[in-house]
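Trainee: Listed below, chain by chain, are the residues.
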Amino acid sequence: GAVVSQHPSWVICKSGTSVKIECRSLDFQATTMFWYRQFPKQSLMLMATSNEGSKATYEQGVEKDKFLINHASLTLSTLTVTSAHPEDSSFYICSARWGGPRETQYFGPGTRLLVL
Amino acid sequence: DAKTTQPTSMDCAEGRAANLPCNHSTISGNEYVYWYRQIHSQGPQYIIHGLKNNETNEMASLIITEDRKSSTLILPHATLRDTAVYYCIVNFNKFYFGSGTKLNVKP
Numbered sequence: 002g003a004v005v006s007q008h009p010s011w012v013i014c015k016s017g018t019s020v021k022i023e024c025r026s027l028d029f030q031a032t033t034m035f036w037y038r039q040f041p042k043q044s045l046m047l048m049a050t051s052n053e054g055s056k057a058t059y060e061q062g063v064e065k066d067k068f069l070i071n072h073a074s075l076t077l078s079t080l081t082v083t084s085a086h087p088e089d090s091s092f093y094i095c096s097a098r099w100g101g102p103r104e105t106q107y108f109g110p111g112t113r114l115l116v117l
Numbered sequence: 002d003a004k005t006t007q008p009t010s011m012d013c014a015e016g017r018a019a020n021l022p023c024n025h026s027t028i029s030g031n032e033y034v035y036w037y038r039q040i041h042s043q044g045p046q047y048i049i050h051g052l053k054n055n056e057t058n059e060m061a062s063l064i065i066t067e068d069r070k071s072s073t074l075i076l077p078h079a080t081l082r083d084t085a086v087y088y089c090i091v092n093f094n095k096f097y098f099g100s101g102t103k104l105n106v107k108p
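If you're matching them up, the sequences are chains A and B in order. Residue numbers for the first sequence follow our numbering, so the first one is 2 and each next one is one higher. Residue numbers for the second sequence follow our numbering, so the first one is 2 and each next one is one higher.
Do not take every clue at face value.
[As the list claims (entries may be wrong)] Keeping only pairs whose Cα atoms sit at most 25 angstroms apart, straight-line, the calculated DSS-like set for lysine-lysine is:
#1 A:Lys42 <-> B:Lys4
#2 A:Lys65 <-> A:Lys21
#3 B:Lys70 <-> B:Lys107
#4 A:Lys21 <-> A:Lys67
#5 A:Lys56 <-> B:Lys95
#6 B:Lys95 <-> B:Lys4
#7 B:Lys95 <-> B:Lys107
#8 B:Lys53 <-> B:Lys107
#9 B:Lys95 <-> B:Lys53
#10 A:Lys21 <-> A:Lys56
#11 B:Lys107 <-> B:Lys4
#12 A:Lys67 <-> A:Lys56
#13 A:Lys42 <-> B:Lys107
#14 B:Lys103 <-> A:Lys65
#15 A:Lys67 <-> A:Lys42
#16 A:Lys65 <-> A:Lys15
#17 B:Lys70 <-> B:Lys4
#18 A:Lys42 <-> B:Lys53
#19 B:Lys95 <-> B:Lys70
#20 B:Lys95 <-> A:Lys67
#21 A:Lys56 <-> A:Lys15
#22 B:Lys103 <-> A:Lys42
#23 A:Lys21 <-> B:Lys53
[Said to hold, decoys possible] Coverage of chain A stretches by chain B, computed from C-beta distances (three or more under 8 angstroms per stretch; other residues unrestricted):
#24 14–23
#25 69–82
#26 104–116
What the hints contain is simulated information worked out from the structure, not anything from laboratory work. Computed from a predicted structure; not experimentally measured. Note that beta-carbon positions come from the ideal geometry of N, C-alpha and C, so glycine has one too.
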């Protein structure tokens with residue numbers, strides 16, 4: 002299957018600072034990537050859809066000014082958590098849509114964020 | 002919102018087949034059924050997907066009922082490493098995850 006990477010795998014930051022998470026499709030081009038958040042013992046929650054060359058679309062209840070998404074190229078999307086607070090501590094996971102004959106999404110390994 | 006319902010948990014003996022059901026009674030004609038699994042603290046892993054016909058790959062088989070309102074994921078010979086949360090997702094464009102089924106494979 003296709004490979005998606007995320008960097009960093011974990012990050013600890015102070016409250017009020019900003020944190021950038023990268024998502025890369027390593028062996029395919031992805032015009033569409035997705036960002037999810039997962040709290041302990043809960044399922045994945047879709048945050049936003051990242052489209053190469055255009056603005057991201059956010060799910061209801063997700064603050065676009067707090068979670069900045071940039072889809073800089075066909076293989077890279079970034080999520081910046083601005084002015085992070087302890088309640089933003091979570092597991093952030095990206096996926097990339099592979100548009101081959103049997104289109105599907107491939108997920109990254111996730112980034113664990115802890116805001117102190 | 003997720004359009005699927007799955008049992009919260011299931012047990013399976015190692016070496017036996019694991020049959021995981023999923024109900025998706027409101028599925029639309031152009032929506033695929035996808036199955037992923039998530040092992041603790043990792044990103045979801047793709048297993049299989051299908052539209053109408055049954056599908057099989059090296060990991061699993063997917064059986065979709067004729068009316069497409071439900072499906073079953075079959076792991077033919079479960080191992081301890083198959084212990085995970087299994088998600089059934091119905092999708093046209095975006096994935097909305099439900100609660101999934103926690104499969105416990107026991108020795």
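Trainee: Evaluate each hint against the coordinates.
Mentor: Status of each hint after checking the structure:
no.	hint	in the structure
1	A:Lys42 <-> B:Lys4	20 angstroms, holds
2	A:Lys65 <-> A:Lys21	14 angstroms, holds
3	B:Lys70 <-> B:Lys107	30 angstroms, violated
4	A:Lys21 <-> A:Lys67	12 angstroms, holds
5	A:Lys56 <-> B:Lys95	16 angstroms, holds
6	B:Lys95 <-> B:Lys4	12 angstroms, holds
7	B:Lys95 <-> B:Lys107	34 angstroms, violated
8	B:Lys53 <-> B:Lys107	32 angstroms, violated
9	B:Lys95 <-> B:Lys53	19 angstroms, holds
10	A:Lys21 <-> A:Lys56	17 angstroms, holds
11	B:Lys107 <-> B:Lys4	30 angstroms, violated
12	A:Lys67 <-> A:Lys56	15 angstroms, holds
13	A:Lys42 <-> B:Lys107	21 angstroms, holds
14	B:Lys103 <-> A:Lys65	33 angstroms, violated
15	A:Lys67 <-> A:Lys42	24 angstroms, holds
16	A:Lys65 <-> A:Lys15	21 angstroms, holds
17	B:Lys70 <-> B:Lys4	11 angstroms, holds
18	A:Lys42 <-> B:Lys53	32 angstroms, violated
19	B:Lys95 <-> B:Lys70	19 angstroms, holds
20	B:Lys95 <-> A:Lys67	22 angstroms, holds
21	A:Lys56 <-> A:Lys15	28 angstroms, violated
22	B:Lys103 <-> A:Lys42	11 angstroms, holds
23	A:Lys21 <-> B:Lys53	41 angstroms, violated
24	14–23	violated (count 0)
25	69–82	violated (count 0)
26	104–116	holds (count 8)
In terms of the numbered hints stated before, the structure departs from hints 3, 7, 8, 11, 14, 18, 21, 23, 24 and 25, listed from lowest to highest.
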